[in-house]
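Asks: For the protein sequence lines, the chains are A and B, in the order given. Plus 89 on top of the position in the first sequence (first one is 1) and you've got our numbering. Plus 627 on top of the position in the second sequence (first one is 1) and you've got our numbering.
Just so you know, these hints were derived from the structure itself, not from any lab. The structure presented is a predicted model; accordingly, all values stated were derived computationally and were not measured. Hints are supplied without guarantee of correctness; some may be wrong.
Stated by the list, open to error - Mimicking DSSO-like on lysine-lysine, the simulated pairs with C-alpha atoms at most 30 Å apart in a straight line are:
{"no.": "1", "chain 1": "B", "residue 1": "K935", "chain 2": "A", "residue 2": "K141"}
{"no.": "2", "chain 1": "B", "residue 1": "K945", "chain 2": "A", "residue 2": "K345"}
{"no.": "3", "chain 1": "B", "residue 1": "K726", "chain 2": "B", "residue 2": "K883"}
{"no.": "4", "chain 1": "A", "residue 1": "K345", "chain 2": "B", "residue 2": "K703"}
{"no.": "5", "chain 1": "B", "residue 1": "K945", "chain 2": "B", "residue 2": "K703"}
{"no.": "6", "chain 1": "A", "residue 1": "K346", "chain 2": "B", "residue 2": "K883"}
{"no.": "7", "chain 1": "A", "residue 1": "K155", "chain 2": "B", "residue 2": "K935"}
{"no.": "8", "chain 1": "B", "residue 1": "K703", "chain 2": "A", "residue 2": "K141"}
{"no.": "9", "chain 1": "B", "residue 1": "K732", "chain 2": "A", "residue 2": "K443"}
{"no.": "10", "chain 1": "A", "residue 1": "K452", "chain 2": "B", "residue 2": "K898"}
{"no.": "11", "chain 1": "B", "residue 1": "K850", "chain 2": "A", "residue 2": "K155"}
{"no.": "12", "chain 1": "B", "residue 1": "K703", "chain 2": "A", "residue 2": "K155"}
{"no.": "13", "chain 1": "B", "residue 1": "K864", "chain 2": "A", "residue 2": "K443"}
{"no.": "14", "chain 1": "A", "residue 1": "K346", "chain 2": "B", "residue 2": "K898"}
{"no.": "15", "chain 1": "A", "residue 1": "K346", "chain 2": "B", "residue 2": "K732"}
{"no.": "16", "chain 1": "B", "residue 1": "K953", "chain 2": "A", "residue 2": "K141"}
{"no.": "17", "chain 1": "B", "residue 1": "K953", "chain 2": "A", "residue 2": "K345"}
{"no.": "18", "chain 1": "A", "residue 1": "K345", "chain 2": "A", "residue 2": "K452"}
{"no.": "19", "chain 1": "A", "residue 1": "K346", "chain 2": "A", "residue 2": "K155"}
{"no.": "20", "chain 1": "A", "residue 1": "K443", "chain 2": "B", "residue 2": "K953"}
{"no.": "21", "chain 1": "B", "residue 1": "K899", "chain 2": "A", "residue 2": "K443"}
{"no.": "22", "chain 1": "B", "residue 1": "K801", "chain 2": "A", "residue 2": "K155"}
{"no.": "23", "chain 1": "B", "residue 1": "K746", "chain 2": "A", "residue 2": "K155"}
{"no.": "24", "chain 1": "B", "residue 1": "K935", "chain 2": "B", "residue 2": "K953"}
{"no.": "25", "chain 1": "B", "residue 1": "K703", "chain 2": "B", "residue 2": "K735"}
{"no.": "26", "chain 1": "A", "residue 1": "K247", "chain 2": "A", "residue 2": "K321"}
{"no.": "27", "chain 1": "B", "residue 1": "K732", "chain 2": "B", "residue 2": "K746"}
{"no.": "28", "chain 1": "A", "residue 1": "K482", "chain 2": "B", "residue 2": "K801"}
{"no.": "29", "chain 1": "B", "residue 1": "K703", "chain 2": "B", "residue 2": "K883"}
{"no.": "30", "chain 1": "A", "residue 1": "K345", "chain 2": "B", "residue 2": "K850"}
{"no.": "31", "chain 1": "A", "residue 1": "K443", "chain 2": "B", "residue 2": "K735"}
{"no.": "32", "chain 1": "A", "residue 1": "K155", "chain 2": "B", "residue 2": "K911"}
{"no.": "33", "chain 1": "A", "residue 1": "K452", "chain 2": "B", "residue 2": "K899"}
{"no.": "34", "chain 1": "A", "residue 1": "K346", "chain 2": "B", "residue 2": "K726"}
{"no.": "35", "chain 1": "A", "residue 1": "K385", "chain 2": "B", "residue 2": "K763"}
{"no.": "36", "chain 1": "B", "residue 1": "K735", "chain 2": "A", "residue 2": "K385"}
{"no.": "37", "chain 1": "B", "residue 1": "K801", "chain 2": "B", "residue 2": "K945"}
{"no.": "38", "chain 1": "A", "residue 1": "K452", "chain 2": "B", "residue 2": "K945"}
{"no.": "39", "chain 1": "B", "residue 1": "K850", "chain 2": "A", "residue 2": "K321"}
Next come the chains, spelled out residue by residue.
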Amino acid sequence: MSGSAEVPTASEPLRRFLQVARGAGLRVSAAEGIDAARALDFIGYADRTALKDTLGLVLAKTPDEKAVYHEAFELYFKHEALSAGDDSHDDADSESPSAGQGMADGQGAQGGGEGGEPSGGNSLSELLTQDDRAGLAAAMESAGRESGIENIRFFTQKNLYTRRILVRMGLRKVEEEVEALRSSSTKQNIDRAALLEARLAPLRDTVRDFVERNMLLFARGDNEQFREELLKSARLSNIERRDMERMRILVRQMAKKLAARYAKTRRRRLRGQLDIRRTLRKNMGWGGVPFVTVWKQKRIEKPRVMVLCDVSGSVAAMSGFLLMFLYALNEALSDIRSFAYSGSLIEVSEILEKEPVEQAIGKIMEAIGWGSSNYGNAFADFEEGWMQHVTNKTTVLILGDARGNKTDPRTEIIARLSQRARRIIWLNPEYRTLWGTGDSDMNRYAPFCNLVTVCSTLRHLERAISGILEGSN
Amino acid sequence: MSQTLRKKKSQTMQNAQNKNPATRQLQSIEEVDAGLSAAGYIANRQISTAIYLAHHLQKPILVEGPAGVGKTELAKSVAAWLNLPLIRMQCYEGLDESKALYEWKYGKQLLYTQILRDKVGSVIGESDNLTVALDKLHAFGDIFFSRNFLEPRPLLRALEQPGGAVLLIDEIDKSDQEFEAFLLEILSDYQVTVPEIGTVSALVPPIVLLTSNSTRDLGDALKRRCLHLHIGFPDEKLEARIIASRVPGIDARLLKQLVSFVQQLRALDLKKLPSVSETIDWAKVMVLLHTSVLDVAVVRDTLNVLLKFEADIEAADKQLAGLTHKAQREAGIT
Numbered sequence: 090m091s092g093s094a095e096v097p098t099a100s101e102p103l104r105r106f107l108q109v110a111r112g113a114g115l116r117v118s119a120a121e122g123i124d125a126a127r128a129l130d131f132i133g134y135a136d137r138t139a140l141k142d143t144l145g146l147v148l149a150k151t152p153d154e155k156a157v158y159h160e161a162f163e164l165y166f167k168h169e170a171l172s173a174g175d176d177s178h179d180d181a182d183s184e185s186p187s188a189g190q191g192m193a194d195g196q197g198a199q200g201g202g203e204g205g206e207p208s209g210g211n212s213l214s215e216l217l218t219q220d221d222r223a224g225l226a227a228a229m230e231s232a233g234r235e236s237g238i239e240n241i242r243f244f245t246q247k248n249l250y251t252r253r254i255l256v257r258m259g260l261r262k263v264e265e266e267v268e269a270l271r272s273s274s275t276k277q278n279i280d281r282a283a284l285l286e287a288r289l290a291p292l293r294d295t296v297r298d299f300v301e302r303n304m305l306l307f308a309r310g311d312n313e314q315f316r317e318e319l320l321k322s323a324r325l326s327n328i329e330r331r332d333m334e335r336m337r338i339l340v341r342q343m344a345k346k347l348a349a350r351y352a353k354t355r356r357r358r359l360r361g362q363l364d365i366r367r368t369l370r371k372n373m374g375w376g377g378v379p380f381v382t383v384w385k386q387k388r389i390e391k392p393r394v395m396v397l398c399d400v401s402g403s404v405a406a407m408s409g410f411l412l413m414f415l416y417a418l419n420e421a422l423s424d425i426r427s428f429a430y431s432g433s434l435i436e437v438s439e440i441l442e443k444e445p446v447e448q449a450i451g452k453i454m455e456a457i458g459w460g461s462s463n464y465g466n467a468f469a470d471f472e473e474g475w476m477q478h479v480t481n482k483t484t485v486l487i488l489g490d491a492r493g494n495k496t497d498p499r500t501e502i503i504a505r506l507s508q509r510a511r512r513i514i515w516l517n518p519e520y521r522t523l524w525g526t527g528d529s530d531m532n533r534y535a536p537f538c539n540l541v542t543v544c545s546t547l548r549h550l551e552r553a554i555s556g557i558l559e560g561s562n
Numbered sequence: 628m629s630q631t632l633r634k635k636k637s638q639t640m641q642n643a644q645n646k647n648p649a650t651r652q653l654q655s656i657e658e659v660d661a662g663l664s665a666a667g668y669i670a671n672r673q674i675s676t677a678i679y680l681a682h683h684l685q686k687p688i689l690v691e692g693p694a695g696v697g698k699t700e701l702a703k704s705v706a707a708w709l710n711l712p713l714i715r716m717q718c719y720e721g722l723d724e725s726k727a728l729y730e731w732k733y734g735k736q737l738l739y740t741q742i743l744r745d746k747v748g749s750v751i752g753e754s755d756n757l758t759v760a761l762d763k764l765h766a767f768g769d770i771f772f773s774r775n776f777l778e779p780r781p782l783l784r785a786l787e788q789p790g791g792a793v794l795l796i797d798e799i800d801k802s803d804q805e806f807e808a809f810l811l812e813i814l815s816d817y818q819v820t821v822p823e824i825g826t827v828s829a830l831v832p833p834i835v836l837l838t839s840n841s842t843r844d845l846g847d848a849l850k851r852r853c854l855h856l857h858i859g860f861p862d863e864k865l866e867a868r869i870i871a872s873r874v875p876g877i878d879a880r881l882l883k884q885l886v887s888f889v890q891q892l893r894a895l896d897l898k899k900l901p902s903v904s905e906t907i908d909w910a911k912v913m914v915l916l917h918t919s920v921l922d923v924a925v926v927r928d929t930l931n932v933l934l935k936f937e938a939d940i941e942a943a944d945k946q947l948a949g950l951t952h953k954a955q956r957e958a959g960i961t
């Protein structure tokens, strides 16, 4: 409880760490930053584990975030330590052991001490001549800070920042000096110019390394986010294999968000609205004096959904995602049955429930996928086996391109289905302009559907399903 | 301007802290550690740091982790150590403020109106007209909506404790999202608003612990106001210390085997991993059975204490021999 707790100001290392944490993908609000500063007033920087525990408690709020935090913390504080440790390492395999090697260690300590200060004092050429690595590293750090290295976001900015840092360290002056030395003719001067140039080259590399390291620290989260944004609006049929894993995570996240938004209690008490009839009945025993009150309640129906998924070659990628999405929504959709079809139709609810989604989808594909589609046949199968389970509360979701290879579309089945079901929603991965061209029967089915919509990206999918969930209460 | 304001606020907070009797006991993280272990709770550094910070920053702690790692126990132990009353609120679907904060004693109100019905005549008896009568009635104030007719529920009770309290909001993830939003006022300012009475502030800010099993994601607003503590399964050393403290008199070699076995079990692919509470139960069973060496037969008979699913028991059964053997070897029994 020292007086320093009065005005919480984020000290410099903390401020920079918060930036690192944000870059790594932690969502740290300003309020949490202030909390961190206040917490550090109590804990201090001396004890590393306590520091780590403290910041972890204040900043990272889910197990995932804890993992990210752990990594960022280790990287950042190791990185901070590196700038001191780096020099001795560099000294060891330095290719010019002659010049002032002995004093480098002594200056290393000194350099570390004044590390926080801007690079004033020694000019760059002096530092280079003395081969003072500690001094150079300190100068580089502070030049980096001054040039706002923490704002680096993309790898295309690497050269820009490298140049900026070098200029701040006084590169121009050295270059001018080299130029001047060259033009004079004395042997000594030319040697000195060569020495400076030779020392400048490794410095460039070091600075580039430094920038790269900082980019890793500060820009990772943003790049991930950028990539995810791209994936969300990419056509699902175009997703590359290497992005599959990321897509799966994205699908799960999206579904979880939707589930949390719509997984409401089925009954909700309407506070303030007395249920007079039931109150009177409950209090009959007391001669109608209402000792016990009963409030009105509202029931919220959970949606019942039947999903018919085309798994024929053309739309297979799409239907995989749809099934994945729906199964991740389990919480919000208590009653869901799924069917897969290409030439014929089978129920796949059980397979999907028993096995992890990815394997289940593989299994379904094996059983029935990749065939050429026959919509008429598939719908006939559905009518025969499951039509009686369709009630006026059921939403039927059909995913397919409606290309039946010139077979009989059997639209009359969909007509009957539309009479029984609450609504039919058709998701078509094709562009609207292609509907009705060639063997597409989309326009023939469309009149019986409550909604026909293009659905080719993850974002479309999210919107369509959120529509189903919204319409259900 | 804002700085002086902030200064003032932090000063008043500091004053409240100094009045708070718990401050004496919460001087450092080490003291928290010692205090908790004296109360029978073996904490790791993170837990102690969290309690320490919760008190000094006056922030609630959101404790997450698998079932049975001692989330609720932590609150109990803190209360026992600081000698504060523990006020517990179990959350469930449909919990609302009338159960959590306060409720009017409807029955009492009605009863009193019935009893006082005759008195109304004598109070307004001599009035000439309705306005005068009403004025007279108004003079009595809201007698039926005063403290006397207020039934405080856990949250209000926690604020009204004169010496501070430990407030445990258990399984917050089971409550509705609306309720979570309702909690925000109490969590950030330690005050609640009762429309008929006004705002009630805490006499001494209670230490608030919220627990969650992550059955649903909690809102960001709630998380932002809390310190977030994740308690996972303890490592072998810590678990041994916990068991030793909870099951006193257990044989050291048996303890070592038990812990080693459970730790190995957690590495298997099971539906529900055995938690610390299960290990404690199992240790108690072993003590009751006077077992000193774990062998396959004993383990097989008592496996249902550790594992709660038939499928899990079957899966573990196949590897029982290897697991017990390794546990024995690690405990130095050949």
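Asks: For each hint, tell me whether it holds in the structure or not.
Replies: How the hints compare with the structure:
no. : hint             : result
1   : B:K935 to A:K141 : violated (36 Å)
2   : B:K945 to A:K345 : violated (36 Å)
3   : B:K726 to B:K883 : violated (46 Å)
4   : A:K345 to B:K703 : violated (33 Å)
5   : B:K945 to B:K703 : violated (39 Å)
6   : A:K346 to B:K883 : violated (44 Å)
7   : A:K155 to B:K935 : holds (29 Å)
8   : B:K703 to A:K141 : holds (26 Å)
9   : B:K732 to A:K443 : violated (51 Å)
10  : A:K452 to B:K898 : holds (23 Å)
11  : B:K850 to A:K155 : holds (13 Å)
12  : B:K703 to A:K155 : holds (26 Å)
13  : B:K864 to A:K443 : violated (38 Å)
14  : A:K346 to B:K898 : holds (24 Å)
15  : A:K346 to B:K732 : violated (40 Å)
16  : B:K953 to A:K141 : violated (35 Å)
17  : B:K953 to A:K345 : violated (41 Å)
18  : A:K345 to A:K452 : holds (24 Å)
19  : A:K346 to A:K155 : holds (20 Å)
20  : A:K443 to B:K953 : violated (33 Å)
21  : B:K899 to A:K443 : holds (17 Å)
22  : B:K801 to A:K155 : holds (23 Å)
23  : B:K746 to A:K155 : violated (65 Å)
24  : B:K935 to B:K953 : holds (23 Å)
25  : B:K703 to B:K735 : violated (34 Å)
26  : A:K247 to A:K321 : holds (27 Å)
27  : B:K732 to B:K746 : holds (21 Å)
28  : A:K482 to B:K801 : holds (28 Å)
29  : B:K703 to B:K883 : holds (27 Å)
30  : A:K345 to B:K850 : holds (18 Å)
31  : A:K443 to B:K735 : violated (55 Å)
32  : A:K155 to B:K911 : violated (34 Å)
33  : A:K452 to B:K899 : holds (26 Å)
34  : A:K346 to B:K726 : holds (29 Å)
35  : A:K385 to B:K763 : violated (36 Å)
36  : B:K735 to A:K385 : holds (23 Å)
37  : B:K801 to B:K945 : violated (36 Å)
38  : A:K452 to B:K945 : holds (28 Å)
39  : B:K850 to A:K321 : holds (27 Å)
This entry does not satisfy hints 1, 2, 3, 4, 5, 6, 9, 13, 15, 16, 17, 20, 23, 25, 31, 32, 35, 37, going by the numbered hints stated previously.
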